[in-house]
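Trainee: All chains, please: the whole structure from these sequences, using the hints.
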Amino acid sequence: MLLLPHMAVLVGRLLADSAVPTRAKVVLGATAAYLANPVDLIPDFIPFVGYLDDVILVAIILDGLLNHLDRDLLLKHWPGDPKTLEKSAAVARRLSAWVPARIKAKVFGTRRAA
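According to the working numbering, the sequence shown holds residues 31 to 144 in order.
Please keep in mind that the hints were generated in silico from the structure rather than gathered at the bench.
Watch out, some of these pointers could steer you wrong.
As the list claims (entries may be wrong) - DSS-like mimics (lysine-lysine), calculated; alpha carbons at most 25 Å apart, straight line: (1) Lys117 - Lys106; (2) Lys55 - Lys134; (3) Lys106 - Lys134; (4) Lys55 - Lys106; (5) Lys113 - Lys134; (6) Lys117 - Lys55; (7) Lys134 - Lys117; (8) Lys136 - Lys55.
As the list claims (entries may be wrong) - Cβ-Cβ distance ranges computed for the label pairs, FRET-style: (9) Leu45 - Asn67: 17 to 25 Å; (10) Val85 - Pro51: 18 to 26 Å; (11) Val121 - Leu65: 16 to 24 Å; (12) Leu65 - Trp128: 15 to 23 Å; (13) Val129 - Gly80: 31 to 39 Å.
Think of the CB as a built atom: it goes at the ideal place given N, C-alpha and C, for glycine as much as any other residue.
Mentor: This is how it looks when you write it as C-alpha coordinates:
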(Lines of atoms letter the chains of each structure in order from A and count residues from 1; the text may use other names and numbers.)
(Lines give C-alpha, C1' and ligand atoms only; values in the text may rest on other atoms or scores of the structure.)
Protein backbone atom coordinates (compact mmCIF):
# COMPACT_ATOMS: atom_id res chain seq x y z
CA MET A 1 0.00 0.00 0.00
CA LEU A 2 2.88 2.34 -0.71
CA LEU A 3 1.25 3.53 -3.92
CA LEU A 4 0.10 6.90 -2.56
CA PRO A 5 3.44 7.75 -0.92
CA HIS A 6 5.26 6.66 -4.09
CA MET A 7 2.97 8.84 -6.22
CA ALA A 8 3.61 11.79 -3.91
CA VAL A 9 7.37 11.28 -4.22
CA LEU A 10 7.05 10.94 -8.01
CA VAL A 11 5.07 14.17 -8.32
CA GLY A 12 7.53 16.06 -6.11
CA ARG A 13 10.50 14.83 -8.11
CA LEU A 14 8.82 15.58 -11.43
CA LEU A 15 8.06 19.13 -10.32
CA ALA A 16 11.74 19.63 -9.48
CA ASP A 17 13.07 18.17 -12.76
CA SER A 18 13.84 20.65 -15.54
CA ALA A 19 13.30 17.90 -18.15
CA VAL A 20 9.57 17.77 -17.34
CA PRO A 21 7.52 19.99 -19.69
CA THR A 22 6.28 23.21 -18.12
CA ARG A 23 2.65 22.48 -18.96
CA ALA A 24 2.84 19.16 -17.07
CA LYS A 25 4.18 21.04 -14.04
CA VAL A 26 1.40 23.62 -14.30
CA VAL A 27 -1.22 20.85 -14.45
CA LEU A 28 0.30 19.13 -11.41
CA GLY A 29 0.34 22.39 -9.45
CA ALA A 30 -3.21 23.29 -10.46
CA THR A 31 -4.41 19.81 -9.50
CA ALA A 32 -2.74 20.02 -6.09
CA ALA A 33 -4.33 23.44 -5.54
CA TYR A 34 -7.78 22.15 -6.54
CA LEU A 35 -7.52 19.11 -4.27
CA ALA A 36 -6.35 21.28 -1.35
CA ASN A 37 -9.13 23.82 -1.90
CA PRO A 38 -12.21 23.16 0.26
CA VAL A 39 -14.51 24.41 -2.53
CA ASP A 40 -15.35 21.60 -4.98
CA LEU A 41 -17.53 21.24 -8.04
CA ILE A 42 -19.45 18.64 -6.05
CA PRO A 43 -19.42 19.29 -2.27
CA ASP A 44 -17.59 16.55 -0.33
CA PHE A 45 -20.35 16.29 2.29
CA ILE A 46 -22.56 14.50 -0.27
CA PRO A 47 -21.90 10.78 0.36
CA PHE A 48 -19.82 9.05 -2.35
CA VAL A 49 -20.72 11.55 -5.08
CA GLY A 50 -18.93 14.34 -3.22
CA TYR A 51 -15.55 12.79 -3.88
CA LEU A 52 -16.33 11.83 -7.47
CA ASP A 53 -14.92 15.04 -8.97
CA ASP A 54 -11.67 14.53 -7.04
CA VAL A 55 -11.36 10.89 -8.14
CA ILE A 56 -12.04 11.73 -11.79
CA LEU A 57 -9.53 14.58 -11.76
CA VAL A 58 -6.83 12.42 -10.16
CA ALA A 59 -7.45 9.61 -12.69
CA ILE A 60 -7.12 12.02 -15.61
CA ILE A 61 -3.93 13.57 -14.23
CA LEU A 62 -2.40 10.18 -13.42
CA ASP A 63 -3.22 9.00 -16.92
CA GLY A 64 -1.52 12.08 -18.28
CA LEU A 65 1.55 11.61 -16.13
CA LEU A 66 1.96 7.88 -16.50
CA ASN A 67 0.94 7.47 -20.12
CA HIS A 68 2.09 10.69 -21.79
CA LEU A 69 5.40 11.55 -20.14
CA ASP A 70 8.61 9.74 -21.11
CA ARG A 71 8.83 6.32 -19.44
CA ASP A 72 12.55 6.67 -18.68
CA LEU A 73 11.88 10.00 -16.97
CA LEU A 74 9.13 8.41 -14.87
CA LEU A 75 11.29 5.42 -13.93
CA LYS A 76 14.16 7.74 -12.99
CA HIS A 77 11.96 9.35 -10.33
CA TRP A 78 9.75 6.39 -9.32
CA PRO A 79 10.81 5.18 -5.84
CA GLY A 80 9.08 1.79 -6.09
CA ASP A 81 8.98 -1.31 -8.26
CA PRO A 82 8.67 -0.48 -11.99
CA LYS A 83 5.93 -3.13 -12.31
CA THR A 84 3.79 -1.14 -9.89
CA LEU A 85 4.26 1.96 -12.02
CA GLU A 86 3.14 0.07 -15.14
CA LYS A 87 0.09 -1.38 -13.36
CA SER A 88 -0.81 2.09 -12.11
CA ALA A 89 -0.52 3.45 -15.66
CA ALA A 90 -2.88 0.75 -16.95
CA VAL A 91 -5.46 1.46 -14.24
CA ALA A 92 -5.25 5.23 -14.81
CA ARG A 93 -5.69 4.68 -18.56
CA ARG A 94 -8.85 2.64 -17.97
CA LEU A 95 -10.30 5.08 -15.43
CA SER A 96 -9.89 8.05 -17.74
CA ALA A 97 -10.75 6.26 -20.99
CA TRP A 98 -13.91 8.34 -21.48
CA VAL A 99 -11.92 11.59 -21.66
CA PRO A 100 -11.26 12.47 -25.32
CA ALA A 101 -7.64 11.89 -26.35
CA ARG A 102 -7.44 15.37 -27.88
CA ILE A 103 -8.12 16.92 -24.46
CA LYS A 104 -5.40 14.81 -22.83
CA ALA A 105 -3.03 15.66 -25.68
CA LYS A 106 -3.63 19.39 -25.13
CA VAL A 107 -2.69 19.02 -21.49
CA PHE A 108 0.21 16.55 -21.66
CA GLY A 109 1.16 16.22 -25.33
CA THR A 110 0.93 13.05 -27.37
CA ARG A 111 0.70 9.64 -25.71
CA ARG A 112 4.01 7.85 -25.37
CA ALA A 113 4.47 4.48 -27.06
CA ALA A 114 3.43 1.55 -24.86
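Trainee: Next step is simple, just say for each hint if it's right about the structure.
Mentor: Evaluation of the provided hints:
Taking the CA atoms of Lys117 and Lys106, the gap is near 17 Å; set against the 25 Å cutoff, the hint holds. For the given pair, Lys55 sits about 14 Å from Lys134 by alpha-carbon distance, which is consistent with the 25 Å threshold. At most 25 Å may separate the alpha-carbon atoms for a hinted pair to count; Lys106 and Lys134 meet this at roughly 23 Å. The suggested pairing of Lys55 with Lys106 holds, with an alpha-carbon distance near 17 Å, which does not exceed 25 Å.
A threshold of 25 Å between alpha carbons decides the hint, and for Lys113 with Lys134 the separation of about 24 Å falls inside it, so the pair holds. A distance of roughly 23 Å separates the Cα atoms of Lys117 and Lys55; the hinted pair therefore holds under the 25 Å criterion. At roughly 20 Å between alpha-carbon atoms, Lys134 and Lys117 fall within 25 Å of each other, so this suggested pair holds. Restraint check for Lys136 and Lys55: satisfied, since their Cα atoms lie roughly 14 Å apart, inside the 25 Å limit.
Under the hint 17 to 25 Å, the C-beta atoms of Leu45 and Asn67, about 18 Å apart, fit the expected range. In this structure the supplied range 18 to 26 Å holds for Val85 paired with Pro51, their Cβ-Cβ distance being about 25 Å. The hinted window of 16 to 24 Å between Val121 and Leu65 holds, with their beta carbons roughly 19 Å apart. Between Leu65 and Trp128 the beta carbon distance is about 21 Å. The supplied range of 15 to 23 Å therefore holds.
A hinted range of 31 to 39 Å is violated for the C-beta pair Val129 and Gly80, which are about 21 Å apart.
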